[in-house]
Amino acid sequence: DGGITQSPKYLFRKEGQNVTLSCEQNLNHDAMYWYRQDPGQGLRLIYYSQIVNDFQKGDIAEGYSVSREKKESFPLTVTSAQKNPTAFYLCASSIGGGATDTQYFGPGTRLTVL
Amino acid sequence: GQQVMQIPQYQHVQEGEDFTTYCNSSTTLSNIQWYKQRPGGHPVFLIQLVKSGEVKKQKRLTFQFGEAKKNSSLHITATQTTDVGTYFCAGRGNNRLAFGKGNQVVVIP
Numbered sequence: 027d028g029g030i031t032q033s034p035k036y037l038f039r040k041e042g043q044n045v046t047l048s049c050e051q052n053l054n055h056d057a058m059y060w061y062r063q064d065p066g067q068g069l070r071l072i073y074y075s076q077i078v079n080d081f082q083k084g085d086i087a088e089g090y091s092v093s094r095e096k097k098e099s100f101p102l103t104v105t106s107a108q109k110n111p112t113a114f115y116l117c118a119s120s121i122g123g124g125a126t127d128t129q130y131f132g133p134g135t136r137l138t139v140l
Numbered sequence: 005g006q007q008v009m010q011i012p013q014y015q016h017v018q019e020g021e022d023f024t025t026y027c028n029s030s031t032t033l034s035n036i037q038w039y040k041q042r043p044g045g046h047p048v049f050l051i052q053l054v055k056s057g058e059v060k061k062q063k064r065l066t067f068q069f070g071e072a073k074k075n076s077s078l079h080i081t082a083t084q085t086t087d088v089g090t091y092f093c094a095g096r097g098n099n100r101l102a103f104g105k106g107n108q109v110v111v112i113p
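Chains as they are written, first to last, in my numbering: chain A, 27 to 140; chain B, 5 to 113.
Treat the hints loosely; a few may be bogus.
Said to hold, decoys possible - Some chain B residues judged to face chain A by a derived CB distance under 10 Å, without partners named:
| id | residue |
| --- | --- |
| 1 | 26 |
| 2 | 52 |
| 3 | 65 |
| 4 | 99 |
Keep in mind that the hints were calculated from the coordinates and are not lab data.
Predicted model only: the values in this text are computed from it and were never measured.
For glycine and all other residues, C-beta sits at the position ideal for the given N, C-alpha and C.
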């Protein structure tokens, strides 16, 4: 059963703690993305990676970090430097980073920082 | 950076009626994609338009790409309760895909 998995679905953390969100895909896609979704804000790109061991900042990368050590995995760390981390985080993948590639989204992780 | 604007941001639609949602860009797009996100769910790809003036249909949904490749529309006829959700357009200009803020649609039975 191919797809993208994100875990956990809901995550609670105390302010000042780093937290890592997982994203795994078995679609054999080269490109992976992290988006943040806030009410009324649409999808904002945090980081993306088009190939293993390489990634680029998106529009709102401050306070976040990623790694891409394996093709199928693209974890996102929300650091204590992120001023307002409570949000819905979506991971996506595409075959490559080409102009006509469509993106497949995971179910998302809803992070609440208390 | 590239921006894609969607209007309206919210719509309340009576079941059985038609509605349209629009997507506009200040720059020419190489293509445009539409996604739908059900309440509590994640965005799911609906369709992609590439050619100037292109029109594609999926049952009650009609997607159109403008002649100048700067705008797009999604028209839904005979709205059903299953049409509830947020519709996003995403346009690709220079390199990256930029998502609009979405049009949240509420269907009134």
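Checked hints:
no. : hint : verdict
1   : 26   : violated, 15 Å
2   : 52   : holds, 6 Å
3   : 65   : violated, 16 Å
4   : 99   : holds, 8 Å
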